[in-house]
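*Asks:* Now for the letters of each chain:
Number of protein chains: 2
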Amino acid sequence: MAKINENFAKLPGSYLFAEIGRRTAAHQQANPDAKIIKLGIGDVTQGLVPAVIKAMHKAVDEQADPTTFKGYGPEQGYDFLRKAVLENDFKARGIDIDVNEIFISDGAKSDCGNIGDLFDIDNKIAVCDPVYPVYVDSNAMAGRAGEYDVDAEAWTNIHYMPTTADNDFFPAIPTEKLDIIYLCSPNNPTGTVLTKDQLKAWVDYANDNDAVIMFDAAYERFITEEGIPHSIYEIDGAKTCAIEFRSFSKTAGFTGMRCGYTVVPKALVRGGQNLNAMWNRRQTTKFNGASYIIQKGAEAIYTPEGKRQVDDAIDFYRNNARVIKEGLEAAGLEVYGAVNSPYIWCKTPDGMGSWDFFNKLLEEANVVTTPGSGFGPAGEGYIRLTGFGDAEATREAVQRIVALLAK
Amino acid sequence: MAKINENFAKLPGSYLFAEIGRRTAAHQQANPDAKIIKLGIGDVTQGLVPAVIKAMHKAVDEQADPTTFKGYGPEQGYDFLRKAVLENDFKARGIDIDVNEIFISDGAKSDCGNIGDLFDIDNKIAVCDPVYPVYVDSNAMAGRAGEYDVDAEAWTNIHYMPTTADNDFFPAIPTEKLDIIYLCSPNNPTGTVLTKDQLKAWVDYANDNDAVIMFDAAYERFITEEGIPHSIYEIDGAKTCAIEFRSFSKTAGFTGMRCGYTVVPKALVRGGQNLNAMWNRRQTTKFNGASYIIQKGAEAIYTPEGKRQVDDAIDFYRNNARVIKEGLEAAGLEVYGAVNSPYIWCKTPDGMGSWDFFNKLLEEANVVTTPGSGFGPAGEGYIRLTGFGDAEATREAVQRIVALLAK
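Which chain is which? The protein sequence lines are A and B, in order. Going by this note's numbering, the first sequence opens with residue 20, and the numbers climb by one from there. Going by this note's numbering, the second sequence opens with residue 20, and the numbers climb by one from there.
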């Protein structure tokens with residue numbers, strides 16, 4: 020008798036965006052003339068930049084001709100892309116890693132989920148609260164999370180680290196021993212960043228305890244402030260304790276293209292095993308490389324014209340985020356994020372619940388946001404807005420919120 | 020302390036193609052003028068068909084324009100492709116499955132590896148011998164294979180089913196209880212197929228024992244004989260016991276594009292859980308959909324012009340396979356496969372070992388093949404050749420082998 024993985028049955032439903040969709044649709048139906056603006060969406064909306072389009076057309080044509088056709092590629096990614104990543108994302112920042120430490124993939128979500136293959140079931144996992152749900156759910160599926168406690172909205176064997184305005188969004192260095200720690204900076208959903216000193220404290224903790232840090236830097240390209248680390252490998256000691264996830268999704272609008280990469284340093288050894296070699300084995304066995312055409316598109320963002328175009332595209336979203344932040348602040352709200360992130364994390368006024376404020380903005384301003392509580396209990400009392408919308412609609416939405424709160 | 024997955028350390032090296040490459044390079048170096056022809060490669064070599072190229076150019080252009088841009092797509096695949104698959108690969112053959120039972124992915128290798136997430140560690144796995152290594156290695160990584168016995172070239176907890184000329188390449192229905200059974204038809208590496216009656220015997224066994232069949236139909240498009248099942252769902256009872264893997268890699272030359280799909284029937288229930296819902300949860304949590312551009316390319320193979328073009332492309336490889344089969348048979352060799360497969364499985368003459376015959380063909384005919392023993396102990400005494408090469412080079416290689424054996 021085939022025995023299934025019983026951990027799947029423990030997973031609670033993930034209804035956040037479905038519930039937002041349901042409430043939005045109900046509001047639209049009750050108010051057919053309402054011009055609803057969505058600022059909740061965590062997906063890019065603008066077209067890919069011309070350099071990427073051009074490179075992909077060329078790659079498509081190569082695939083038509085047997086003399087330039089590419090069949091199976093290296094599971095680790097083509098050297099042309101690994102080298103472009105190495106030079107631009109690391110060496111240009113003074114970070115010395117090896118090209119064989121970079122693994123191109125079909126996206127950071129896959130890698131964040133699949134990295135668990137390298138670890139035993141018996142590991143104590145730590146995540147920030149609020150948090151991107153993939154870290155928790157993928158570990159729960161593997162049996163590392165214990166049982167789900169519906170009342171606490173938490174898994175019994177996961178160590179949750181509240182990151183709120185009360186602790187300046189810095190997850191406290193624990194006093195107990197944790198094994199695998201997920202950190203995300205710039206953070207989804209809070210839009211806040213970890214400083215070098217803060218990251219150094221975590222790197223030291225991880226090395227002292229033989230823990231592993233899973234560092235999610237998917238929003239790295241949105242950093243504007245000097246001195247904020249773009250990679251955990253800017254921190255001394257990180258190579259012996261950290262894996263870093265990167266994505267072209269928000270960097271270059273690749274959410275529908277599917278490409279990202281993961282860095283696994285050769286110096287990262289646990290239980291006598293080299294994690295770089297383990298990830299290489301995992302990827303060569305259970306993955307067959309990212310699409311050639313997509314990798315050629317990703318390579319183009321590192322050309323001089325590609326860089327300029329991507330900078331402009333990022334500026335478009337950054338500007339939206341700034342408009343939201345400044346508008347909400349002018350309306351007297353407490354606002355975080357936006358400066359180094361496409362995300363704005365906004366405290367609800369007068370201690371309102373996340374869903375109550377969500378409803379108020381939907382019903383009285385026709386603006387859709389994301390309730391912070393959907394990302395974890397410590398997200399209660401916040402909402403998330405994003406800079407990924409249309410510029411004009413974003414301005415209009417902010418004006419509506421400002422007018423509503425001035426009533 | 021982060022504890023690693025100890026099962027990785029048990030995996031033996033996978034040196035088959037590296038060793039073939041080493042011997043080939045050494046021979047070339049010793050014989051700089053030798054015109055070596057490679058018939059060992061399991062990868063397509065011709066360009067993508069015009070309908071696919073055209074569809075991908077159009078999709079690339081859509082990604083340049085915000086009004087047609089596609090960001091995150093459904094993790095399960097776009098409806099346009101799922102519906103094309105449903106109509107053409109199933110309904111057209113009288114198979115009644117639901118569109119929500121089809122999951123588009125970045126390839127059958129990923130799905131064959133990742134499907135293990137749905138099952139407990141405690142399951143008895145069965146594979147054919149010889150076998151595509153992903154089935155075994157992915158289960159070994161998860162801890163289901165026991166220990167690797169170097170002398171036996173086998174895992175202690177895997178049930179190996181010899182499939183050789185001695186049993187007409189039909190893995191015997193076991194007398195003991197097995198939980199998860201991998202079947203591949205048309206088979207890689209043997210090129211042989213399972214008949215309806217043979218598959219029916221396996222489906223009955225699986226239903227009687229609450230086992231699950233993992234049916235790999237990646238080479239389905241190469242079937243030419245009437246009556247050979249293209250899908251396991253042509254067999255009564257398969258929906259309650261089988262998962263089917265399909266790939267566009269060999270069907271449409273997509274090895275470098277990365278697209279395939281997996282069918283998980285809703286009627287497949289084990290331990291009270293619906294495996295369709297479990298796979299949906301797995302994919303939504305740890306995968307973010309296949310690239311939009313690639314899915315549009317895959318959709319194009321189902322258009323009238325796409326079908327004709329793909330048929331022609333397949334005929335090209337089929338013809339190569341036929342040339343190899345007929346040539347080797349004329350040389351007095353015992354040859355299997357080729358009729359419904361791009362693979363030719365050839366018994367070595369005079370009881371030679373796989374590697375000995377490989378060496379002879381390399382050194383005396385300058386032709387590269389794949390030693391059958393590389394796919395498992397029961398592959399000893401065979402070599403694999405493929406129809407994926409250039410037509411002229413294939414003819415030339417066969418002539419050389421014929422001349423060599425006539426000596």
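By construction, these hints were calculated from the structure, which means they are not laboratory data. Among these hints, one or two may not hold up.
Identical copies go unnamed one by one, so any copy, or any two together, can satisfy a pair.
What the hints assert, rightly or not - No farther apart than 25 Å at their CA atoms in a straight line, the calculated lysine-lysine pairs in the BS3-like style are these: (1) Lys326 / Lys285; (2) Lys57 / Lys29; (3) Lys29 / Lys143; (4) Lys110 / Lys77; (5) Lys22 / Lys196; (6) Lys22 / Lys54; (7) Lys29 / Lys219; (8) Lys143 / Lys426; (9) Lys57 / Lys326; (10) Lys22 / Lys326; (11) Lys215 / Lys110.
Computed from a predicted structure; not experimentally measured.
*Asks:* Hint by hint, note whether the structure agrees.
*Replies:* Going down the list of hints, with the structure as the test:
In this assembly of identical chains, Lys326 and Lys285 lie within 25 Å of each other by CA distance neither inside one copy nor across copies; the values are 29 Å within and 47 Å between. In the homo-oligomer, the alpha carbons of Lys57 and Lys29 never lie at most 25 Å apart, since the shortest distance is 32 Å inside one protomer and 51 Å across protomers. For the homomeric pair Lys29 and Lys143, the shortest alpha-carbon distances inside one copy (18 Å) and between copies (24 Å) are both at most 25 Å. Neither within a single protomer nor between protomers do Lys110 and Lys77 lie at most 25 Å apart by alpha-carbon distance, with minima of 28 Å and 36 Å respectively.
When the C-alpha separation of Lys22 and Lys196 is checked against a cutoff of 25 Å, the pair qualifies only between copies, where the shortest distance is 13 Å, while the shortest distance within a copy is 33 Å. For the identical chains of this complex, Lys22 and Lys54 are neighbours neither inside a copy (51 Å) nor across copies (53 Å), given an alpha-carbon limit of 25 Å. When the C-alpha separation of Lys29 and Lys219 is checked against a cutoff of 25 Å, the pair qualifies neither within a copy, at 35 Å, nor between copies, at 35 Å. For the homomeric pair Lys143 and Lys426, neither the shortest alpha-carbon distance inside one copy (49 Å) nor that between copies (67 Å) is at most 25 Å.
Within a single copy, Lys57 and Lys326 get their C-alpha atoms no closer than 29 Å, and across copies no closer than 41 Å, so neither meets the 25 Å cut-off. For the identical chains of this complex, Lys22 and Lys326 are neighbours neither inside a copy (50 Å) nor across copies (40 Å), given an alpha-carbon limit of 25 Å. Taking CA atoms no more than 25 Å apart as the test, Lys215 paired with Lys110 passes inside one copy only; the shortest distance there is 18 Å, against 58 Å between copies.
Checked against the numbered hints given earlier, the structure breaks hints 1, 2, 4, 6, 7, 8, 9 and 10 and satisfies all the rest.
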